[in-house]
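Protein chains in written order, with the working numbering: chain W, 1 to 313; chain G, 1 to 313; chain S, 1 to 313.
Derived by calculation from the structure, the hints in this document are not laboratory data. It is possible that part of the hints are untrue.
Since the list can't tell identical chains apart, any single copy or any two copies may satisfy a pair.
[As the list claims (entries may be wrong)] Below are the SDA-like pairs computed for lysine to any residue, each with C-alpha atoms no more than 20 Å apart in a straight line: (1) K152 <-> G183; (2) K150 <-> N102; (3) K7 <-> I38; (4) K7 <-> S35; (5) K40 <-> S72; (6) K150 <-> K205; (7) K40 <-> N102; (8) K40 <-> Q99; (9) K40 <-> L76; (10) K152 <-> D25; (11) K150 <-> D258; (12) K40 <-> G183; (13) K156 <-> D25; (14) K151 <-> S113; (15) K7 <-> R36; (16) K7 <-> G46; (17) K40 <-> D124; (18) K7 <-> D37; (19) K217 <-> E250.
One-letter residues, chain by chain:
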Amino acid sequence: MYRFNHKDLLGMDQLSVSDINMILDTADSLMEISSRDIKKVPTLRGKSIVNFFYEPSTRTKASFEMAAKRLSADTLSLSATDSSMVKGETLIDTARNLQAMNPDVIILRHSSSGAPHLLARYVDAGVINAGDGMHEHPTQALLDLFTIRKKKGRIKGLKVVIIGDIAHSRVARSDIIGLKKMGAEVTVSGPPTMIPVDAESLGVKVVFDPEKALNNKDVIMMLRIQLERQSEVLFPSLREYSIFFGLNKEIIKRAKKDVIIMHPGPINRGVEITGDLADGPFSVILDQVSNGVAIRMALLYLLIGGERGDNLD
Amino acid sequence: MYRFNHKDLLGMDQLSVSDINMILDTADSLMEISSRDIKKVPTLRGKSIVNFFYEPSTRTKASFEMAAKRLSADTLSLSATDSSMVKGETLIDTARNLQAMNPDVIILRHSSSGAPHLLARYVDAGVINAGDGMHEHPTQALLDLFTIRKKKGRIKGLKVVIIGDIAHSRVARSDIIGLKKMGAEVTVSGPPTMIPVDAESLGVKVVFDPEKALNNKDVIMMLRIQLERQSEVLFPSLREYSIFFGLNKEIIKRAKKDVIIMHPGPINRGVEITGDLADGPFSVILDQVSNGVAIRMALLYLLIGGERGDNLD
Amino acid sequence: MYRFNHKDLLGMDQLSVSDINMILDTADSLMEISSRDIKKVPTLRGKSIVNFFYEPSTRTKASFEMAAKRLSADTLSLSATDSSMVKGETLIDTARNLQAMNPDVIILRHSSSGAPHLLARYVDAGVINAGDGMHEHPTQALLDLFTIRKKKGRIKGLKVVIIGDIAHSRVARSDIIGLKKMGAEVTVSGPPTMIPVDAESLGVKVVFDPEKALNNKDVIMMLRIQLERQSEVLFPSLREYSIFFGLNKEIIKRAKKDVIIMHPGPINRGVEITGDLADGPFSVILDQVSNGVAIRMALLYLLIGGERGDNLD
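Throw the hints in and build the complete structure from the sequences for me.
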């Protein structure tokens, strides 16, 4: 009999197909709580959830906080900006100190790849990776898989293309691992400077020309251009990026008639996607946000909601 | 039969006299919760309230947060300072993203006039304007009306003078609209640079000399001088402002014997008001703060507390 | 019959031996809540706790917030950084404004010695000093006493040495007062620039040589070197400080075989204490953190948990 048997959620690479299905099924059953008149169930009453974000975040942090509160857990937000906890203290010491306060789950975003894995080794609390460096962002991948399954009825056999800065994106990395595990066919596209040289070792197809990459696809995932970081370095200009790699009404005709367009947000209108497409009938960008709350509720529930893993059988 | 029938509270200009009476009556009935031993009722359990402040605020934000918690709602605070949600994202996109998480009310403070109105058009959640640019600050006006009614037993027919930077104050603007609607007689006073040229079109009397403006008044509202902003531009010096427009023991004799003195806070002692008056028997400045929590509870209750508007009949 | 009869907790100097015993006993009885599956009791439901930190803090603030939530109180966090409440406003006015919102307890950290005492005079709410300037940090002292009592079974008659910047540490000051009241024998040690000239008037022994100071001790309390503040001024170099005053495997042999090592955190590994000692069998540093949550629960309970003081008889 299957059991969800994890203390932490550190990356898509640690999840089996059964784990992923269990998370999506649980999210499905929790989804309607957010549309009730009273958006709250007592499931996690008396549990303490710590949001620990070393990198600024509004969207992901708000999503986790909403998820925790809808399950009646208590939340505590720590940010590294004003954190004396962090001054002159190693991450391990910080971890042990947090642990001494007996939290049930610590949600960590950190600029160093592997930080959540290190934390997880030193605390009894469950650790959820909310993004670590250029490594993984598993809750984003899970909400993406959840959105695809809800819209398409399945993931297996779908043709998915991911366009943008594949090499430096933790979202891309987690999505690729998850999509491959669930049996999708994944193509990546973008400027050569943004495609990892060993991309094919990840099991994906590389098609540099985005028009060709879009051919006959069921799902298009656009990545966000980090305007504040690398724009000068990796491509000549925003305008040029937009012309060659931005999604627009014309090139989308190459994809299937019932294609869905995804984006992890926040979108740069007119850069990686035109406004009319972002707001148009193919876009499921806002569904991703709603689904994100449900996925995070599911994870909190599965990690600490009862005897680990035998809750829903 | 009267019904409070608003999705949002965007400005005093959208409220009828019946609406205002309903809000004040509701605040009256909720007021005592804050002085109970257990300061909490389950009315808004399972509702999500988002505090979204693009401008810094402690006082107003704390008041809304207290109000929400005393009604058992869950609160989530977003600030634009550390907000990745805001980077490269339009207010409309931010609004849609928030909406996708299904909040019940979004409380918005923003430096642009009209921002809450724009937000309200794009979200199903109720929107409360907590101050938009130099436009309106309706919850301040409502708590001011509430304070006057509690202290004087009525608003209609009272003679009210507002002294300070009328031209650039959203508080003054909302107070004037509210006071006029409720039948008060409003006079404004201040340096000519701080009085709008079309002031009389708002239905108020302009009396530049503050001593004359105080004549026979029931209510004095002092506005805060924004030391950090405009002091150099609009008047020669703080000392001069204080001498000509500051409230002191002498000039207050012009007003009625039972005058009340109001100020939206934080006060600059010795600038717009002397310390002895701020702390003296005529001052209702701290009542305003207490009443503010009740007014915000009333608004949350009326906007999302049940079938809109038929709760209290 | 003994009654805990305080409105505020401002300093160790205001507590009697019976008060301290009552606080530790209460912490003892609340301790197990944090290790329950449902870490929450309804004791302070409907109470409002304001965390007001003028100085940055993660550790202490998180500890108070956890404590409040485990007793079901509502919490509100104000920080002075983004605080309009503070601009142009005296602490007394801020206090009165807070009071007008009817909180039950205000937890204040402030860089000025005596700030909590001032606040306490102007508010009906209970005030807890979470550190004021170089004056006191009583909750740290109470959790230290609690930790000693739990580990050693008693405080009276124990030999305690405190090593570090005694002169500028509010932790040292509160610990000394508390330890002396409870009948411990206190020795202090550190560079002469860090020992107050009138140290002996506090009832402690001064032994400049740390090796000698450690002789036959039951408890070693190391203070944190404030790297960010005074390192250049008070001693030649970190390396030198570490060599002469840092705790290491060798010099600890001078102390008793069952000595315990304490530190208020965050620790500077390799400066005031070596990593192996901080993580070793004598260290109770993480117990201090766990005990801190229980002590803060006890204080909130005793200050506002019922009829003051007669709760537990």
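Structure-based check of all given hints:
When the C-alpha separation of K152 and G183 is checked against a cutoff of 20 Å, the pair qualifies only within one copy, where the shortest distance is 14 Å, while the shortest distance between copies is 60 Å. In this assembly of identical chains, K150 and N102 lie within 20 Å of each other by CA distance solely across copies; the values are 18 Å between and 36 Å within a copy. For the homomeric pair K7 and I38, the shortest alpha-carbon distance between copies (18 Å) is at most 20 Å, but the shortest distance inside one copy (30 Å) is not. In this assembly of identical chains, K7 and S35 lie within 20 Å of each other by CA distance solely across copies; the values are 17 Å between and 29 Å within a copy.
Within a single copy, K40 and S72 get their C-alpha atoms as close as 7 Å, and across copies as close as 11 Å, so both meet the 20 Å cut-off. Proximity of K150 to K205 under the C-alpha cut-off of 20 Å is found in neither arrangement, the shortest distances being 25 Å within a copy and 62 Å between copies. In this homomeric assembly, K40 and N102 come within 20 Å of each other (Cα to Cα) only across copies, at 12 Å, whereas the closest approach inside a single copy is 24 Å. Taking the closest pair of Cα atoms, K40 and Q99 come within 20 Å of each other only across two copies (17 Å); inside a single copy the shortest separation is 27 Å, beyond that limit.
For the identical chains of this complex, K40 and L76 are neighbours both inside a copy (18 Å) and across copies (14 Å), given an alpha-carbon limit of 20 Å. For a Cα distance limit of 20 Å, the shortest separation of K152 from D25 inside one copy, 15 Å, qualifies, whereas the shortest one across copies, 51 Å, does not. In this homomeric assembly, K150 and D258 come within 20 Å of each other (Cα to Cα) only inside a single copy, at 14 Å, whereas the closest approach across copies is 61 Å. In this assembly of identical chains, the alpha carbons of K40 and G183 never lie at most 20 Å apart, being 35 Å within a copy and 43 Å across copies at closest.
Proximity of K156 to D25 under the C-alpha cut-off of 20 Å is restricted to the intra-copy arrangement: shortest distance 16 Å within a copy versus 59 Å between copies. For the identical chains of this complex, K151 and S113 are neighbours neither inside a copy (32 Å) nor across copies (39 Å), given an alpha-carbon limit of 20 Å. Taking CA atoms no more than 20 Å apart as the test, K7 paired with R36 passes between copies only; the shortest distance there is 18 Å, against 30 Å inside one copy. Within a single copy, K7 and G46 get their C-alpha atoms as close as 18 Å, which meets the 20 Å cut-off; across copies the closest is 28 Å, which misses it.
Taking the shortest alpha-carbon separations for K40 and D124, only the inter-copy value of 19 Å comes in at or below 20 Å, while the best intra-copy value is 27 Å. Proximity of K7 to D37 under the C-alpha cut-off of 20 Å is restricted to the inter-copy arrangement: shortest distance 16 Å between copies versus 32 Å within a copy. In this assembly of identical chains, K217 and E250 lie within 20 Å of each other by CA distance solely inside one copy; the values are 15 Å within and 68 Å between copies.
Hint compliance for this structure: hints 6, 12 and 14 are broken, all remaining hints hold.
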